[in-house]
Amino acid sequence: MAVSLRSSLHLVSDPRNLDASVEEVFQMMLGVTCQRHLEPVTVEGESVTSVVGFCGLLTGACIFRAGRSVAMDMAAHMTGMEFDTVDDIVKDAIGEICNILAGAWKGKVPELAANCGLSVPAVITGRDYHLHVLSPEFRLVHTYRFEDSFFAVTIVCDGLQ
Amino acid sequence: MSEIRALIVDDSSVMRKIVERSLRQAGLDPLVVNEAGNGNEGLEVLKSKDVDLILSDINMPTMDGLEFLRQIRAQNLAPGVPVVMITTESSEEHVKQAILAGAQGYIRKPFTSEQVKERVLPLLHAV
Chain A
1 MAVSLRSSLH
11 LVSDPRNLDA
21 SVEEVFQMML
31 GVTCQRHLEP
41 VTVEGESVTS
51 VVGFCGLLTG
61 ACIFRAGRSV
71 AMDMAAHMTG
81 MEFDTVDDIV
91 KDAIGEICNI
101 LAGAWKGKVP
111 ELAANCGLSV
121 PAVITGRDYH
131 LHVLSPEFRL
141 VHTYRFEDSF
151 FAVTIVCDGL
161 Q
Chain B
1 MSEIRALIVD
11 DSSVMRKIVE
21 RSLRQAGLDP
31 LVVNEAGNGN
41 EGLEVLKSKD
51 VDLILSDINM
61 PTMDGLEFLR
71 QIRAQNLAPG
81 VPVVMITTES
91 SEEHVKQAIL
101 AGAQGYIRKP
111 FTSEQVKERV
121 LPLLHAV
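These protein sequence lines map, in sequence, to chains A and B.
The first sequence begins at 1 in the numbering used here and counts up one residue at a time.
The second sequence begins at 1 in the numbering used here and counts up one residue at a time.
The set of hints was computed from the structure by calculation and includes no laboratory data.
Among these hints, one or two may not hold up.
Keeping only pairs whose Cα atoms sit at most 30 Å apart, straight-line, the calculated BS3-like set for lysine-lysine is [what the hints assert, rightly or not]:
#1 B/K117 to A/K108
#2 B/K47 to A/K108
#3 A/K108 to B/K96
#4 B/K96 to B/K49
#5 B/K47 to B/K96
#6 A/K108 to A/K91
#7 B/K117 to B/K96
#8 B/K49 to B/K117
#9 B/K47 to B/K117
Predicted, not measured: the structure shown is a model, and the values here were computed from it.
Please put together the full structure from these sequences, using the hints given.
Here is the structure:
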């Protein structure tokens, strides 16, 4: 019988799955507590964004965006190294955080875990850019507090079978 | 514990370092680590070096972790050496595929060093 996610849309789009995934990944991989932040925040001009695509029963992407200094702090927690520039190691670290987050998020719904693949991460750096997805099925955009800094995670679904 | 020679295969250099750190925290010391960025590079390492343990990601460019496993067995490289997959893929189907391809262990990312210890040490003691 063909597997469908339509009947599980409420589970797939449940915002608590994203929050639980972010908290779990930061606790286990960086050793820090990280919680959702509901107040508006100012984001640094220069930022690092990682995108991991979903394919299969769900198409879309997990998008992780942090300011330059936050990205370097996260990479420092992961590697034990110090950074004063967004070098390849920092980009690699942010790509891997996004990859693990995407995997943890899809793992919250068994049908999704088994029938949705992940792309390798793409990392974008720069300032004043926007990512647009036209007419998504659903979109979750959450901001989280990491120590005294903030970052955003977006799950965008542009197709669901 | 005598010296352990590990091969860590992951396209992320940061993850390779994290896995290495987790192995040391699990008590694998002294530890000699060989690294590879994908399955092809992993095969090349195995053709030239002896290892006691292989840890591999699944989703990698060029050659993924499952094909890497199949090639290890097909080319009779590292006979008897335990292979543990460390990956974001967590479904039963992925675990089954990995076991069928020859993996002895499976660790889902994110992971703790305690989980690495629980899954890896028994395999080394069994060899």
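Status of each hint after checking the structure:
no., hint, verdict
1, B/K117 to A/K108, "25 Å, holds"
2, B/K47 to A/K108, "39 Å, violated"
3, A/K108 to B/K96, "19 Å, holds"
4, B/K96 to B/K49, "29 Å, holds"
5, B/K47 to B/K96, "27 Å, holds"
6, A/K108 to A/K91, "26 Å, holds"
7, B/K117 to B/K96, "22 Å, holds"
8, B/K49 to B/K117, "24 Å, holds"
9, B/K47 to B/K117, "27 Å, holds"
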